[in-house]
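Could you slot chain F onto chain B? The hints should help.
For the protein sequence lines, the chains are B and F, in the order given. Per this note's numbering, the first sequence starts with residue 6, numbered consecutively. Per this note's numbering, the second sequence starts with residue 37, numbered consecutively.
I should point out that these hints are in silico values taken from the structure, not numbers from a laboratory. Each hint should be verified, as a subset may be incorrect.
To be verified - Here are some chain B residues the structure puts well away from chain F; computed CB gaps all over 10 Å: (1) Glu30; (2) Val58; (3) Ile156.
Unchecked claim - Quick list of in silico lysine-lysine cross-link-like pairs, PhoX-like style, CA-CA up to 25 Å: (4) B:Lys351 with F:Lys125; (5) F:Lys120 with B:Lys363; (6) B:Lys122 with B:Lys232; (7) F:Lys120 with B:Lys370; (8) F:Lys119 with B:Lys363; (9) F:Lys217 with B:Lys85; (10) F:Lys119 with B:Lys351; (11) B:Lys370 with F:Lys251; (12) F:Lys197 with B:Lys351.
Note that the structure is predicted; figures quoted are calculated from it, not measured. Think of the CB as a built atom: it goes at the ideal place given N, C-alpha and C, for glycine as much as any other residue.
One letter stands for each residue in the lines below.
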Amino acid sequence: MKKVFPVLFLFSFYIINSYRVFSDENPEGHIAYLCGLDIDTYRVHTIELETNVEKELTIGTHHGAPVWSPDGKKIAFSSKMEGGLYIVIWDSVTDKYKVLKHQYSWNDTPSWSADSKYISYISCEKGLTDQKAVVYDIEHEKEEFWGGEKIPSVINPVWFPKLDILNAMSATVSQVTYTEGFDINKFFEEGYSIGVLIGVAVFQSAEKMLTTELVLFSKTQATPLPKELMLESARFEELNPQVSPKGSSLVFETNEAGNREIYYLGRRGISNISNHHLADWNPVWSPNGEWVAFESFRHGRRGIYRVFPETARVFPLVVSGDYDAWSPAWSPDSQWICFVANPSGKPQLYLKHIEEDKIIPLTEKSVSVAPCWRPKTK
Amino acid sequence: MRFRWHKEYVLIFLMIGLLVSFFNGYARHEDGTLGIIKLPNEGCPVILSPGQTFNIVAEQKGTIFLIDNEKNIIPLNVQWEEKKTEIYKGSVILMGEDIKAGSYSIQIITEGGAKDVNPRSIWVQNEFREYYTFAHISDIHIRSDSLQDENAITFQTIIEKLNQSDAQFILLTGDLTHEAKTEQWQVFLNILNQARKPTFVCAGNHDRNEDNYEKMFYTSTYAFRYGKDGYIIFDTREYRTADSWGEQDTLLYRYRRELKSSRWTFGITHRYEFTMGIRSQIILFVDDPIDFILYGHTHRENTREESVIPWGKTRVYVVPAEKDGFYRIFDVGEGGLFPRPIQNVKGK
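Excised from the complex, chain B in its bound form:
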């Protein structure tokens, strides 16, 4: 036994040091973000972390938050140009822009399909109450309204990367109540063909008040998440659904607990995973699907936390009594986050390894917000 202790000691020393060697490395890759004096002058920028070389995307004005394609080759963002707000795709390989052709003048919040072949976004003429979910086929340059005629106004549609959780639901189809006229078979047929979106429907309740509900939709079919999963959904306002990278679970915000909380929906059901009397919002899955980063005011100022959704154990990531931190974006290896904070008085980007305290400043410009880390190039 006495011989074992030195071996164990040396082994643990090796583990700690090997970890340190790893964690002292600087993060790699590209980060896209918005930079300008304010929202009227925001433009998408990219920065290469190894060299600090930056590039500004100069098409149009009033750029929206950039989103990298899953293959790491393109960035989608909205931009104001003559006649409205357009979705623009910038190709990092060819350095060329593609402005999508729209039927409506206002288009925003792009989201990429897992194969980087389609983009979903919202499109509208008037505003929040007439926003349609649209899918654009990049290769065939074709814009299609999704969800059929019955779908109400939708915000922030995002793709299901895989249909695992939907398969789990369909396995219990006989016990689950869908909307009248919803064709589950056609839904899956269309889902396997192109994909399935989840978004937040905004509609008038019986009391003529706006309310929100999470809605699943394919090309022609749409249904609220079944009431067996979302108890008393009509009484509360859900927001910000985020599907796990493997498609096996879902997190979203709701005020069901009397204040804004992060809820987790998996094969075993639904649970509150943030559980604090101050607001918790903006959940973001780590690419490895293990963690959910979110923002919370639980220590006074706005800070960033991570939670292990299976156990609801919460760990602080960036918390300070002197400044606010928000908009976490995970690195592709799930070891770092890029985030926005205002210790200098103006919002700037910072980097942090999830296991270390050290915070690395990334930008020192007028205002830098809405970071998005480039996925590994495929």
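Chain F alone, transformed into the frame defined by chain B:
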């Protein structure tokens, strides 16, 4: 003939400039932008009672004084925080036998001897009544550098009317200028400083020209208490109304929580539209809804259908454009907010 710089002339001009600034304590820079003191200012003042505390934001640390209308100077005790950002923040206690109800300028003399004054920035009240009144104007659209411009004359007329009214303070909800040009801001400030009531401003879409609104009033998102009630002033901007990327959502959430114990909470902004950032709407109208929202922008009164924010809990009051002669006074009491009929100084 070529102009030549003479060292003596330059020195004389410099001396005159220094003497003028020393004796007058010039409040803002020549272009109208804020000087050393950022907050409070005449568009974002403080209303409080003796013994209460207020916050000051300044470029440099220094000694703080109040100046009353008779030019009496009252020193105050300020506790400066350790500098964490580009600016200094301090906490000032309103203590002194000479402090009586009324309006005061705030003055700073920095450690380096520089001086700055913000007029009409501190308003002392001995008590806050359960029942009080305030005035709401919007869409002033100062268009030129002349006080004789039609919109400037209308603004002066309404300020004179409100000076004679029983309103305790005036809310000006955006489009203060037409193009946010320096000369338009100077005319606006000139007339604003004729008001004998506290004036709280917020930014409108016409007041945006890069960051010059902040250079004039420092912040477009702030909150204040008046007696039992809370007021949250915020910015909805042009095109992307109330985005979720910057700091405003943090401030809105913080102010909403701080004012949660208020009898009534008011949202004061330039516009409300369905397209406004969803996070701002969730904070203000859904999770912990404010009671009332007052705005302008549309240049007309709200219709019956528009009398409640569509999320269902917050009542809406829109005032037509001030440039067309309109203003409105509200009564506030235990029963809520009671609008008086909209008034017009142009006979419309």
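Any of the earlier hints contradicted here, and which numbers? Of the numbered hints, 6 and 12 do not hold.
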